[in-house]
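Sequence order for the protein chains is A and B. For the first sequence, the working numbering begins at 304 and goes up steadily by one. For the second sequence, the working numbering begins at 304 and goes up steadily by one.
By construction, these hints were calculated from the structure, which means they are not laboratory data. Please read all numbers here as calculations on a predicted model, not as lab measurements. Any given hint might turn out to be false.
Identical copies go unnamed one by one, so any copy, or any two together, can satisfy a pair.
Derived DMTMM-like pairs: lysine to aspartate or glutamate, alpha-carbon spacing no greater than 20 angstroms straight-line [said to hold, decoys possible]: (1) K504 to D514; (2) K334 to D416; (3) K504 to E384; (4) K491 to E433; (5) K519 to D416; (6) K463 to D374; (7) K491 to D374; (8) K463 to D321; (9) K519 to E418; (10) K504 to D452; (11) K521 to D510; (12) K519 to E497.
2 protein chains.
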Amino acid sequence: MDKVKIVALKESVLEDNDRDAQNLREELRGKGICLLNLMSSPGSGKTSTLLALNRAFDGRLRWGVMEADIDSAVDAQTMQEAGVPAVQLHTGGMCHLDADMTRQGIRALGMEDAELIVLENVGNLVCPAEFDTGAAINMTILSVPEGDDKPAKYPLMYEKCNILVVNKIDALPVFDFDRERMERYARKCNPEIEIFYISAKTGEGVDVLADALVKKVKAWCR
Amino acid sequence: MDKVKIVALKESVLEDNDRDAQNLREELRGKGICLLNLMSSPGSGKTSTLLALNRAFDGRLRWGVMEADIDSAVDAQTMQEAGVPAVQLHTGGMCHLDADMTRQGIRALGMEDAELIVLENVGNLVCPAEFDTGAAINMTILSVPEGDDKPAKYPLMYEKCNILVVNKIDALPVFDFDRERMERYARKCNPEIEIFYISAKTGEGVDVLADALVKKVKAWCR
Chain A
304 MDKVKIVALK ESVLEDNDRD AQNLREELRG KGICLLNLMS SPGSGKTSTL LALNRAFDGR
364 LRWGVMEADI DSAVDAQTMQ EAGVPAVQLH TGGMCHLDAD MTRQGIRALG MEDAELIVLE
424 NVGNLVCPAE FDTGAAINMT ILSVPEGDDK PAKYPLMYEK CNILVVNKID ALPVFDFDRE
484 RMERYARKCN PEIEIFYISA KTGEGVDVLA DALVKKVKAW CR
Chain B
304 MDKVKIVALK ESVLEDNDRD AQNLREELRG KGICLLNLMS SPGSGKTSTL LALNRAFDGR
364 LRWGVMEADI DSAVDAQTMQ EAGVPAVQLH TGGMCHLDAD MTRQGIRALG MEDAELIVLE
424 NVGNLVCPAE FDTGAAINMT ILSVPEGDDK PAKYPLMYEK CNILVVNKID ALPVFDFDRE
484 RMERYARKCN PEIEIFYISA KTGEGVDVLA DALVKKVKAW CR
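The shape of chain A in the complex, shown without the other chains:
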C-alpha cells in the first residue's frame, strides 16, 4: 500500500483572491483540466460520494482528488486504496482553501493529464463558500439527516454552487425531510442550481450524477 502524500499548505499572501482564482481557472482550462470544488458540512458523505462516483465513472475520466483536512490523512488513504490518485492537504487550522492554496495542492498532485481534479474542501458550510478556489464547478452535498432547512441558514453556500447533491436518501424514512421545502429554499439562493438525489451507501441515483459530471467535464475540457 502506497503511503499518502501529505502537503502542509502555506497561507497565501496574495491580496486579490478573486483575480488569482480567475487566473487559475484559465490556466486549468488551457490544460484541459476541470477543477471541481466539493463542499459540505462535516459528515455529509463527501468521501463516500467520491468513492461511489469512482465506481460509476467506470474509467470514463482520468481524475484525481485533493483531500483538505485540518488533520488526519484517512480520506486520501481511502481514495488511494480505491485506485484514485490522491494527496492529503493539511490546512494548518484554516477553515477554507483559497485559490493559491488550491494551486499548491494541484502542483503536489502532479496530474498534468487529468481531465477532472476534485478538491474536497474542509467540512464547513460557511467559510469555503466565501473563497473562489478557481474551480469550474462548485458542488455541495446536503445529507438528509442535516435537515431540509440548511439552504435557509447557509444561503451563500447554495448561491455559489452549481450542483447540489442530496445524500443519504436511504435514511429518508427515519428523518423528517421535506424535499419541496428544501428545493424551494435552495432555488431561492440560486434558481439555476441542479439538484441530484443519491445514496452513496446503496448506490441509488449515483449513475445519473456520474453521467452528468462526465458530460460537464468533457464539455469543459474540449
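Since the structure of chain A is provided, determine the placement of chain B on it from the hints.
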C-alpha cells in the same frame, strides 16, 4: 405570538479576545450567570436538543437562549414559542462568535436574573472552537449520521469542549457508528470530556443530560 428580537452583531475591534473572554466570564460569575457555548456541525440538532432540555429542566432553571445564525430567525422563534426567552443574533456572514459579540448578545437578551444563558453558536466545527466566548461550559453535539471519525478530523473542537453530546442515537441502527472508536478519538483530544448519548427526537438520555447540566449550573451560580 411575540416577534423575535433580531440583533445584528458588530464585528469587534478588540485585539485580545482571550483577555476579553476571561473578563466576561468573571463578570457573569459575579452576576450568578452560567454561560454555555453550544457548538456543532450544521444540522446536528442544536435547537432540538435545547427544546428537549427545556422539557427535562421542567422549570428548575431560569434560562434564555441566544441563537446565532448567518441568516434567518427560525431558531429563536422556535425557542420563544416553547416559552424560552430568546434573541436571534445575526453575524453578518461571520463564521463564529467572539467574546465581544457574545456580550452584545447577552445585553440584547436582557436577562439579568438568568442562571443559564445558552449561546447557540454558528453551525461550524472549525472556527467557533478557536474563539473563547467567555463561556463557563463549552458543549458540542455530534450526531450519529455524521460518523464516528469527527473527533479525529476536527480535534480542536473536542479539545475545547467539556461536554460531548452524541445525538440522534435513535438512528444508530441505520448508520455504521462505532461508539468505542468515537470515544477513543474524543478522549485523545480531551481525556476529561464528559460524554452523553441522547435522542432529542425520542427523549432517550435527555433527563440524564439535563440533571448533569442543572447540577453544573447551580454549582457555578452559587
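**Asked** How would you label the pair K519, E497 (within, between, both, or neither) given a Cα cut-off of 20 angstroms?
**Response** within (12 angstroms within a copy, 48 angstroms between copies)
**Status of E418 relative to K519 across identical chains (alpha carbons, at most 20 angstroms)** = within (11 angstroms within a copy, 56 angstroms between copies)
**Status of D374 relative to K463 across identical chains (alpha carbons, at most 20 angstroms)** = Classified as between: cross-chain Cα gap 16 angstroms, same-chain 26 angstroms, threshold 20 angstroms.
**Request:** Give the relationship of K491 and D374 under a CA distance limit of 20 angstroms: within one copy only, between copies only, both, or neither.
**Result:** between (35 angstroms within a copy, 13 angstroms between copies)
**Prompt:** When no copy is named, should K491 and E433 be tagged within, between, both, or neither for a Cα gap of at most 20 angstroms?
**Reply:** within (18 angstroms within a copy, 32 angstroms between copies)
**Asked** What label fits K504 with D452 when the C-alpha limit is 20 angstroms: within, between, both, or neither?
**Response** between (23 angstroms within a copy, 17 angstroms between copies)
**Prompt:** Can you tell me if K521 and D510 fall within 20 angstroms by alpha carbon in one copy, between copies, both or neither?
**Reply:** Within one copy only: 16 angstroms inside a chain, 56 angstroms across chains, cut-off 20 angstroms.
**Request:** Give the relationship of K504 and D514 under a CA distance limit of 20 angstroms: within one copy only, between copies only, both, or neither.
**Result:** within (18 angstroms within a copy, 38 angstroms between copies)
**Request:** Classify it for me, K463 with D321: is the Cα-Cα distance of at most 20 angstroms met within a copy, between copies, both or neither?
**Result:** This pair counts as within: shortest intra-copy Cα distance 13 angstroms, inter-copy 34 angstroms.
**Item:** Same-copy or cross-copy closeness of K519 to D416 [CA-CA at most 20 angstroms]
**Value:** within (17 angstroms within a copy, 59 angstroms between copies)
**Asked** Can you tell me if K504 and E384 fall within 20 angstroms by alpha carbon in one copy, between copies, both or neither?
**Response** within (18 angstroms within a copy, 38 angstroms between copies)
**Message:** If the cut is 20 angstroms between Cα atoms, do K334 and D416 qualify within a copy, between copies, both or neither?
**Reply:** within (8 angstroms within a copy, 64 angstroms between copies)
Every hint from the earlier list agrees with this structure, and none is contradicted.
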